[in-house]
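Modelling step: build the complete structure from the supplied sequences, incorporating the hints.
2 protein chains.
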Amino acid sequence: MSDPYRFARRGSTAEVEEGLGLAPKFDADGLVTCVATDAASGDVLMVAHMNAEALARTIETGEAWYFSRSRQELWRKGETSGHTQRVTEMRIDCDQDAVWIKVEPAGPGACHTGRRSCFYRAVPLGARAESVVLEFREGEKRFDPTAVYGEPKK
Amino acid sequence: MSDPYRFARRGSTAEVEEGLGLAPKFDADGLVTCVATDAASGDVLMVAHMNAEALARTIETGEAWYFSRSRQELWRKGETSGHTQRVTEMRIDCDQDAVWIKVEPAGPGACHTGRRSCFYRAVPLGARAESVVLEFREGEKRFDPTAVYGEPKK
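As they're listed, the protein sequences go chains S and A.
Using our numbering, the letters of the first sequence map in sequence onto residues 142 to 295.
Using our numbering, the letters of the second sequence map in sequence onto residues 142 to 295.
Among the hints, erroneous ones may be present.
Now the in silico label distances, taken between C-beta atoms and shown as ranges [unchecked claim]:
hint, chain 1, residue 1, chain 2, residue 2, range
1, S, 268, A, 245, 15 to 23 Å
2, A, 278, S, 170, 22 to 30 Å
3, A, 154, S, 170, 19 to 27 Å
4, A, 147, S, 156, 42 to 50 Å
Calculated cross-link-like contacts (lysine-lysine; reagent style DSS-like; alpha-carbon spacing at most 25 Å) [to be verified]:
hint, chain 1, residue 1, chain 2, residue 2
5, A, 166, S, 166
6, S, 166, A, 282
7, S, 282, A, 166
In short, the hints are calculated from the structure, not lab data.
Even for Gly, the Cβ is constructed at its ideal location relative to N, Cα and C.
This is how it looks when you write it as structure tokens:
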């Protein structure tokens, strides 16, 4: 494991966008955004964040590591639930502040609510924002979050 | 157009996660993260941000609106390039701080560098972070960004 986590120096815009160096643009909190999609279906499973250590560990191990903003700690996906994610491919975006990983989930659901994906509700289009009523899509729980994580926060 | 942009009040965790009200969790800068995927291929095209107005306009018009953090302004995707995005579906995640939109792009590329997707480079796995050499994937430019946007920033 690299410690400290050395990435390429961020050079010019052209170097960042057209170069071969991994020079992530961590935000003020030291994080990049990570989108995890299901390697089989292509569906977005979750959006989370990675700090330098989580990014380095994911690259080095091929397993998804994140940084939990709510708990303010490094988080190996599946550490509690067993629902790890094997990364089949990682991409970085043009300005290198977002990562896309395609994953094979080891468990039934990526979402802490028990669903396969965190994106289990659709926002109907064409309505005024204040009159939106969300619609469940694949809303069924694939596992019991209380059994896996304990009692929920109130 | 709704003005001000009224969304549902953020209630308890259970209400936010299991309810039918759209109660986005805007961050300290007033933004939610938005992932845009290609409605046909499922590929992630870009990760951007929406403020309340961008989110409301996207819902109401079915066209993608974002908020540019670098320019600090509301941004109708395609306003300069003509490469608008028609939204075929919008999803919101469990804690309602991230939006996933499936889009039909009107133009050849979502990325300001001229590529179809912003995620045109892969990060090889299994290496130490400091020795990563990015690999281009679909790196060809679909349009000439200088012709569309003018001379790039240095």
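For the range 42 to 50 Å, tell me whether the beta carbons of residue 147 (chain A) and residue 156 (chain S) fit it or not. At 44 Å between Cβs, range holds.
When you take the CB atoms of residue 278 (chain A) and residue 170 (chain S), is the distance between them in 22 to 30 Å? 29 Å, holds
15 to 23 Å as the expected CB spacing between residue 245 (chain A) and residue 268 (chain S), which holds or is violated: 20 Å, holds
Assuming the hint says 19 to 27 Å, is it satisfied by the Cβ distance from residue 154 (chain A) to residue 170 (chain S) or not? 22 Å, holds
Between residue 166 (chain A) and residue 166 (chain S), is the straight-line Cα distance small enough, at 25 Å or below? Roughly 23 Å separates the two Cα atoms, so the pair holds.
Going straight from one Cα to the other, do residue 166 (chain S) and residue 282 (chain A) come out at no more than 25 Å? 23 Å, holds
Straight-line alpha-carbon gap residue 282 (chain S) to residue 166 (chain A), limit 25 Å: Within the cut-off at roughly 23 Å; holds.
Hint check: no violations occur; every hint is consistent with the structure.
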